[in-house]
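Undergrad: Here is what each chain is made of, one letter per residue.
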Amino acid sequence: MIPTNDSLPNHPGSGSEQIYAGEVLLHRMMNRIRQSLQLPEILSDTVTEVRLFLQTDRVMVYRFDSDGSGEVVAESVAQQRLPPLIGQHFPSEDIPLQARELFLRARQRSIVDVVGQTIGLSPLNSDSDESIPTNDIRFQPVDPCHIEYLTSMGVLSSLVIPILHRHQLWGLLVSHHSQPRQVSQRELQVVQLVSDELSIAIAQCTLLEQTRTQAFQEATINRVAFQLHSMTEMHLQQALELTVSALGGAGGRIYIAPQAPKQEALVYVCGEWGMGDRGEIEELPSWQEWLNTSGNGGEAGIFSDLQQVAIPEELDVIFASLHMRGLLVIKLQYRQHFLGYLSVFRRAVDVETIWARRPDANDPRHQLPIISFEKWREIKKAQAQVWTDTEIELSRSLGSQFAMAIHQYQLYQQVNSLNADLQRDIQERILAEEKISALNAKLEERVQERTAQLQTANTSLQRLSRQHELILNSAGEGIYGLDRQGKITFINPAAAKMLGYGVKELTEQYMHVIVNHSQPNATSYTWEQNPIHSTLERGTIQYISNDIFYRRDGSKFPIEYVSTPIREQGEIVGAVVIFKDITERQMIERMKDEFISIVSHELRTPLTSIRSALGLLARGSLKNDSQKSQRMLEIAFDNTNRLVRLINDILDIERINSGKATMHCIPCNAADLMNQAGDEMRAMAEKAEINLHVTPLSVQLTVDADRIIQTLTNLLNNAIKFAPPGSTVWLSAEVENPEKPEQPEGEELPVIHDLFPSILFKIKDHGRGIPEDMLETIFDRFQQVDGSNSRYSGGTGLGLAICRSIVQQHGGKIWAESTLGEGSTFYFTLPLGTND
Amino acid sequence: MTNKRILIIDDERDIRQATQICLEVSGDWEVLTAASGREGLVKAATEHPDAILLDVMMPDMDGLTTLSNLQANPTTQHIPVILLTAKAQAAEQRYFMQLGVAAVITKPYDPFTLSDQVVQALARELGNG
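Protein chains in written order, with our numbering: chain A, 28 to 863; chain B, 63 to 191.
Chain A extracted, bound-state conformation (with noise of 0.2 Å):
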């Protein structure tokens, strides 16, 4: 606080003093100025300071509304010499336009004498020189008016000073003294400088309020923000009450648009406003018109007096409802995307104002002059609150952060559904894996199943594939496969050796090329008229002998072969041919064929001559002829005999060469043997006029006595036979021993039984001989080297072929040797056995 010291040199006039006391008021000034920021208290300072100054009755800072009335707000009286107005208002006609102006323009300063009527004006800014201030007084008269005005105040002499802020008329310093009192230039200098300073101090001030306001805006900007965003769940309705409150309003909302076509509106409230009966305000049709054609632009609708402007009628209703005065509503939205509305709005206040008198224009007293000051005053009722700047400003920057916010939290939102589908997805995914594992296992299972039939159908496969493997290639017969064009698919082995050919090399190629199949006359086939081509083509089943395969070497084979079809699902796929090599099997065919020629000859010519004979003999014709009969009877018998020592053989043969006949080995002496074969051929040696020699070598032999006189009798006979009359035939023997060195040398080496002592016969005869060609051949059954002789002697054709099977029976061996024209000896042998 500032002491008051009434006691302070005062007195106008003694100029030393007023310098004095001028330089301490200003001191003290600034020093309040720089120490303190509070208006009020800097203004009640200084009229304090102003009024000890210059010891008048009232100092008071009268100060302007935006109207042109205005208020005193600072006032020091001096011990109520005149009455306090403090707090009291003022009509703007009681300070008139011109006057402001002149305030304003030329900084007047006005000094007026009710006493001596005159006002003394001290422009601060003349209008031909403004760059000069000047403290030089004029004085002229003073209007009544003005003198009435004062006097009616109490006031006899007055000093008015402009406070100027930012070129704008701020208000007055106003001294007043209930006596006349004059102002020197002394004075009005310092007063004016007492109120330059308050012009400064007044500016420091509005700027300090404007920093306090734009930090409380800013605070309530971060607590509006720190609802929106500090945490993951938006906190709208604190952030609601917060900006309602911060606004002074009587409530609001926040209409939140629905995202998407099926979401509905998220709506809060403050303070009662709520949902109508037909849904949300911002949903109205005419909401937004109205705020297109009322409000700012559309970005914000600010209403300070809803009686004030058009509204329509849904509006008004629910307007009417909350007795809504003032409305602020701002257009949420982030970069151009609207997101809903932020709304504010106000109820009617009732206003109080102390006037100093009356203003009323209807007043007809109004003309006259203002004679009384009596207090007066005014209630204004359901008044409407103006939006500041401040609030709008506020209100816009609060809207920006609510649509952030807002904006924000749908995208969480959206980021939020995003991951709520996603994991919804990953939990699909994650079952249905589950699922895929579940029948995966299943189907491993399975497959496992599966595996271990199959391993057991393969190894029965592959045993049988071996079966069939080892069955084709054992088997003695030509086995292979063909497709519907002739080629080779398989061939066995036994197969491709017929052909000369490794299997390999067959398969894949035409087998009716490679074999040259040709017909039994060595004539090729074409592919056409092959019969394999019609088992491929027609599914036929040939049979067929003595075509002709070739082989890789050119020459050719008979074959005998089956093609069958091989059909899947009915279609003919190709062909399975089965073939052997039939050379052998026509060779033994033909030497059957040959045998049967010849012993159908050897049978039918004895038969001819006896039915010849006996046809003659029956019929008669040589009845009377006896000696041609006796002659076919002859014949008759003869060739009878002929014909039983022809069937004998023939079946002693067979017997003999089929085992049937078996030998009964008998131990005896090889002299007995051939004394007795000698015996039995004497006869018929005579007959012929041959001398049998016999030489019997006495050797005991285990054999079959009969058979071995039989082949000797035989040999003999065949000796007897072909010898000229008046040779001899010799039979002699001796013993064979192995390690005898008598053995020819260059000889092959003998063969295990004749490791043996064995006895060896020879016949020996001069005859005519036998080539050497036929050396061998004599033995075979029918081969004669000259059957005409044969016949005559009672030959079979078959003595030399019983001889050879004979010895062959006991293990020994038979050959001739011979000289032509000088004769042929016979040898065989027979062995010994170890215990000789």
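Honestly, the hints are just simulated from the structure, not real lab data.
For every residue, glycine included, the Cβ atom is placed at its ideal position computed from N, Cα and C.
Do not take every clue at face value.
Unchecked claim - In silico lysine-lysine, DSS-like type, Cα no more than 27 Å apart, as pairs:
1) K748/A with K789/A
2) K714/A with K789/A
3) K655/A with K714/A
4) K105/B with K655/A
5) K619/A with K789/A
6) K748/A with K687/A
7) K524/A with K514/A
8) K66/B with K655/A
9) K66/B with K650/A
Said to hold, decoys possible - One-sided and incomplete, this derived list gives chain A residues near chain B with beta-carbon spacing under 8 Å:
10) R646
11) Q654
12) R658
Given chain A, work out where chain B should sit, using these hints.
TA: Showing chain B alone in chain A's frame:
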């Protein structure tokens, strides 16, 4: 009218004798015989028989060789030859028929019809000739 002459060529003596008697008693045949192919060729060329009865299987020179010799000799080639064979198989018979013989008679022939068979063969040969 003189008897027709026929030459029998066969190495079997019994067959020659029986066939000779058979032809002589059953018809008006004058029969000549030969015991081998060589002998037969000589007799055919010198005696000019009206027909030859030729055995196929003979030692030394067999019937077929004898036949080709007869057919090659201008003096004997016109004489009809009847083959007398013990080879009774059909294939052999067909083969023989292709050799330009008048007939093939299989042993043992029927002594009662032999003469007729020969006559018919000659008649056929005459007709063809």
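Undergrad: Look at each hint and say if it fits the structure.
TA: Here is what the structure says about each hint:
1. K748/A with K789/A: Cα-Cα ~17 Å, so holds.
2. K714/A with K789/A: holds, 22 Å
3. K655/A with K714/A: holds, 25 Å
4. K105/B with K655/A: holds, 24 Å
5. K619/A with K789/A: Distance ~33 Å between K619/A and K789/A Cα, so the pair is violated.
6. K748/A with K687/A: With a Cα-Cα distance of about 30 Å, the restraint between K748/A and K687/A is violated, given a limit of 27 Å.
7. K524/A with K514/A: holds, 18 Å
8. K66/B with K655/A: holds, 22 Å
9. K66/B with K650/A: holds, 24 Å
10. R646: holds, 7 Å
11. Q654: At 11 Å from the nearest chain B Cβ, Q654/A fails the 8 Å test, so the hint is violated.
12. R658: Constraint on R658/A satisfied, holds at 7 Å.
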